[in-house]
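Q: Sequence:
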Amino acid sequence: MDPPGRRLRLRRTDAGQLHAARAAPGRVRFDHGRRVRGERQRARAHGGRVGREPAAVIEVHDSAAEAGRAVAAEIAALARSGAVLGLATGASPLPVYAELVRLHRERNASFRRCTLFHLDEYWPLRRDHPQSFRSFLRRHLLDHLDVPAQSSHCPDGETPAEKLAEHCAGYEALIRAAGGIDLQLLGIGRNGHIGFNEPGSARDSRTRLIELETATRADAAADFGDLQQVPRHAITMGIASILEARRIVLLAFGARKAAILRRALEGPLTADVPASFLREHPDVRVVLDREAAAGLGGRSAQAAGWP
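Each residue of the sequence shown is one higher than the one before, counting from 1 in the working numbering.
Simulated from the structure, these hints should not be mistaken for laboratory data.
Owing to the predicted nature of the structure, the values given are computational and were not obtained by experimental measurement.
Glycine included, each C-beta is placed from N, C-alpha and C at the ideal position.
One should not assume that every hint holds.
Each pair of labels, with its calculated beta carbon distance range [as the list claims (entries may be wrong)]:
1) A165 <-> R232: 12 to 22 Å
2) E106 <-> S81: 17 to 27 Å
3) P130 <-> A65: 24 to 34 Å
4) D62 <-> D143: 26 to 36 Å
5) V57 <-> K163: 24 to 34 Å
6) E106 <-> S63: 13 to 23 Å
Please model the complete structure; the sequences and the hints are all you need to start from.
A: See the structure below:
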């Protein structure tokens with residue numbers, strides 16, 4: 001096992017093959033010297049912390065499609081014996097979903113024994129609205145797989161305001177009753193959000209209603225037609241809820257994600273960048289293409305072998 005401490009174990013692809021390479025002692029170690037003392041000072045100044053974190057794994061692929069194939073293969077293998085999967089929406093998981101659909105159609109991969117939970121949903125929003133995350137998952141995944149309808153769960157954007165607390169607590173109870181999430185897929189927002197846990201979200205937050213930042217809504221404006229049509233709130237699984245998953249896969253592709261990835265992976269643990277808390281998880285993989293990985297600096301970049 002790796003010793004405790006902030007160390008990245010790095011994986012990269014070569015000619016389409018995924019190779020694992022454990023970082024040699026001292027090569028990618030961040031818990032010593034002036035770098036960490038400076039990070040601790042910055043963390044305290046911003047209400048965060050740098051602690052003894054489990055090792056993370058970074059995988060750098062030549063393309064999002066290649067990354068999607070690698071992650072989908074892992075999910076399909078889990079699905080054979082039944083698995084509880086946490087799903088995300090947005091552009092990042094689309095290559096994974098496309099490959100899962102292909103595996104089902106061409107390789108007879110079955111997901112009948114799986115139970116699915118979605119991270120979040122706009123509120124208030126009709127379940128059948130074309131931009132609801134429930135509709136997104138149906139279009140891109142569920143309508144093309146053999147998952148029973150009763151095994152797929154999503155926060156309900158039609159929940160009355162007076163019943164939101166009960167609904168959120170009930171969603172957490174459903175996850176517990178299913179035995180917890182085996183693998184949670186995540187994307188990362190340009191402001192560092194995971195799910196809809198916006199900057200300022202507490203490490204111990206649970207499923208709840210949250211107000212969306214203008215920047216988050218602006219990113220969705222084209223889908224809804226204009227900014228005014230984008231809901232101002234969402235129901236989201238909390239950071240503590242996400243971190244209870246046994247395994248987490250964070251997906252990020254494209255140059256637009258490079259800067260926030262660097263803050264999340266190399267900056268202090270802080271509520272200002274909710275994704276930074278993923279570094280506390282004992283089994284988290286960060287799956288990137290080369291454009292997204294280009295922002296990683298220092299010895300982590302050198303060890304991974306990208307400029």
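Q: Decide, hint by hint, whether the structure agrees.
A: Each hint tested on the structure:
1. A165 <-> R232: 12 to 22 Å: At 19 Å between Cβs, range holds.
2. E106 <-> S81: 17 to 27 Å: 21 Å, holds
3. P130 <-> A65: 24 to 34 Å: Because 25 Å falls inside the window, the suggested range holds.
4. D62 <-> D143: 26 to 36 Å: Given a distance of about 30 Å, which is inside 26 to 36 Å, the answer is holds.
5. V57 <-> K163: 24 to 34 Å: Since the Cβ atoms of V57 and K163 sit about 40 Å apart, the hinted range of 24 to 34 Å is violated.
6. E106 <-> S63: 13 to 23 Å: 20 Å, holds
In summary, the structure is inconsistent with hint 5 from the numbered list given earlier, while agreeing with all the others.
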